[in-house]
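Protein sequences appear in the order of chains D and V.
Residue numbering for the first sequence follows the working numbering, beginning at 213 and increasing consecutively.
Residue numbering for the second sequence follows the working numbering, beginning at 213 and increasing consecutively.
Be a bit skeptical, because a hint or two may be false.
Just so you know, same-sequence chains aren't split out, so a pair can sit in one copy or run between any two.
Calculated cross-link-like contacts (lysine-lysine; reagent style DSSO-like; alpha-carbon spacing at most 27 Å) [as the list claims (entries may be wrong)]: (1) K305 x K421; (2) K421 x K247; (3) K242 x K297; (4) K297 x K247; (5) K369 x K399; (6) K305 x K425; (7) K425 x K247; (8) K421 x K406; (9) K368 x K425; (10) K425 x K297; (11) K421 x K369; (12) K247 x K284; (13) K409 x K242; (14) K368 x K247; (15) K369 x K305; (16) K247 x K310; (17) K242 x K284; (18) K406 x K247; (19) K369 x K409; (20) K421 x K297; (21) K421 x K242; (22) K425 x K409.
Source of the hints: derived by calculation from the structure; they are not laboratory data.
Okay, here's what each chain looks like letter by letter:
Protein chains: 2
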Amino acid sequence: MFTNEEQAGVYKAIFNRRDIRSFLPDPISKDTLYKILEAGHHAPSVGFMQPWSFIVVSNPDIKERLAWAADKERRALAVHYEGEKENKFLSLKVEGLKEAPYTICVTCDPTRGGSHVLGRNSIPETDILSTACAIQNMWLAACAEGLAMGWVSFYKKNDIRDILEIPPHVEPVALMSIGYTDQYPDKPILETAKWEKRRSMDDLIFLDKWGEK
Amino acid sequence: MFTNEEQAGVYKAIFNRRDIRSFLPDPISKDTLYKILEAGHHAPSVGFMQPWSFIVVSNPDIKERLAWAADKERRALAVHYEGEKENKFLSLKVEGLKEAPYTICVTCDPTRGGSHVLGRNSIPETDILSTACAIQNMWLAACAEGLAMGWVSFYKKNDIRDILEIPPHVEPVALMSIGYTDQYPDKPILETAKWEKRRSMDDLIFLDKWGEK
């Protein structure tokens with residue numbers, strides 16, 4: 213059983229976790245980094261396939277190339293927005309990839325566990341869903357450690373495969389930058405920037421069937 | 213900042229969360245259920261699209277139909293296993309869907325947020341990855357509340373759409389049964405059943421490039 217304070221800690225991490233784009237250069241201890249990776253490895257996975265790997269990037273040249281790939285994709289995507297949304301979009305930072313002491317590429321190997329992974333036979337994408345659960349565990353652990361994380365999802369997967377020498381069948385699911393920050397907002401950056409509003413819980417919950425209240 | 217006990221609570225939830233298949237009939241308070249759904253709603257989402265909805269099933273007839281769909285798929289999948297693995301596979305329970313006071317169908321609407329959701333333009337599956345983060349939040353919150361959850365991923369999505377009247381473009385990502393249990397194992401059920409071993413952390417971590425240590 214959880215004490216009240218332990219339980220409060222879980223909700224505190226869930227409600228205060230933010231997607232952070234600005235990092236201080238302060239180093240992270242190896243022990244703390246390991247704890248966060250271990251939290252990722254304790255995610256649920258379909259058929260216990262544990263499809264994730266973690267490429268921990270600290271080499272400045274490689275971080276620079278990752279930032280280049282993300283910036284290239286950001287500029288390509290910006291073409292699809294017009295006016296105010298384009299400006300808001302272009303103001304989003306990818307420099308976090310260079311600033312943060314570590315960027316972790318979280319990958320998913322769909323072949324791990326063999327041809328007939330239990331559960332994945334029905335819903336093949338459960339492998340990347342498991343990997344997303346690992347990412348969420350890492351994010352909450354980082355939050356509990358007083359660290360900030362940012363999930364960059366602007367890139368062409370083959371650029372990341374080229375830079376990090378990832379085999380073609382392995383998916384680079386996320387680039388997670390991690391570090392200390394002095395810019396930790398109360399609300400999601402995209403909510404404050406009025407990109408999107410937080411939806412009301414009432415609109416998201418149905419009883420017994422879709423659309424029923 | 214987190215106190216030591218709050219931080220310990222986060223890791224306790226991460227390391228003790230288990231996929232549970234047996235539930236007691238004891239009811240769950242509405243307040244606790246709401247807190248768990250709210251934890252889900254506070255997951256990260258690409259472009260803040262918040263693609264999830266939660267269909268909370270408590271009607272026994274509908275739970276029975278969900279269990280029927282899962283059992284049908286389980287029997288179909290069992291054909292692909294032979295010998296000992298088939299027996300282990302068929303011993304997996306889907307009755308949890310009927311036993312648990314609630315089964316929550318967590319869905320993902322890929323159209324939410326419009327045609328150009330920030331980040332989803334690069335990697336379309338980030339919508340279901342966001343939904344998986346919501347599921348992980350719910351699971352950890354349930355654990356902190358002393359509750360058990362089980363993720364059922366054996367089903368044909370269209371069976372679940374038919375039963376719960378989910379629109380064709382919305383993905384039924386997971387069926388999450390939730391309740392109290394008297395069977396809460398230390399280790400994953402599939403690890404104890406020797407279906408798969410837990411992988412060593414050393415095999416999962418690379419430095420700067422895939423395959424480098």
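Now for the hints, and whether the structure bears them out:
{"no.": "1", "hint": "K305 x K421", "result": "between (41 Å within a copy, 24 Å between copies)"}
{"no.": "2", "hint": "K421 x K247", "result": "between (41 Å within a copy, 21 Å between copies)"}
{"no.": "3", "hint": "K242 x K297", "result": "neither (40 Å within a copy, 40 Å between copies)"}
{"no.": "4", "hint": "K297 x K247", "result": "neither (38 Å within a copy, 34 Å between copies)"}
{"no.": "5", "hint": "K369 x K399", "result": "neither (29 Å within a copy, 34 Å between copies)"}
{"no.": "6", "hint": "K305 x K425", "result": "neither (40 Å within a copy, 30 Å between copies)"}
{"no.": "7", "hint": "K425 x K247", "result": "between (42 Å within a copy, 18 Å between copies)"}
{"no.": "8", "hint": "K421 x K406", "result": "neither (32 Å within a copy, 37 Å between copies)"}
{"no.": "9", "hint": "K368 x K425", "result": "between (41 Å within a copy, 25 Å between copies)"}
{"no.": "10", "hint": "K425 x K297", "result": "neither (35 Å within a copy, 42 Å between copies)"}
{"no.": "11", "hint": "K421 x K369", "result": "between (37 Å within a copy, 15 Å between copies)"}
{"no.": "12", "hint": "K247 x K284", "result": "neither (33 Å within a copy, 40 Å between copies)"}
{"no.": "13", "hint": "K409 x K242", "result": "between (37 Å within a copy, 26 Å between copies)"}
{"no.": "14", "hint": "K368 x K247", "result": "neither (29 Å within a copy, 37 Å between copies)"}
{"no.": "15", "hint": "K369 x K305", "result": "within (19 Å within a copy, 38 Å between copies)"}
{"no.": "16", "hint": "K247 x K310", "result": "within (23 Å within a copy, 37 Å between copies)"}
{"no.": "17", "hint": "K242 x K284", "result": "neither (31 Å within a copy, 48 Å between copies)"}
{"no.": "18", "hint": "K406 x K247", "result": "between (35 Å within a copy, 26 Å between copies)"}
{"no.": "19", "hint": "K369 x K409", "result": "neither (29 Å within a copy, 30 Å between copies)"}
{"no.": "20", "hint": "K421 x K297", "result": "neither (36 Å within a copy, 35 Å between copies)"}
{"no.": "21", "hint": "K421 x K242", "result": "between (48 Å within a copy, 18 Å between copies)"}
{"no.": "22", "hint": "K425 x K409", "result": "within (22 Å within a copy, 43 Å between copies)"}
This entry does not satisfy hints 3, 4, 5, 6, 8, 10, 12, 14, 17, 19 and 20, going by the numbered hints stated previously.
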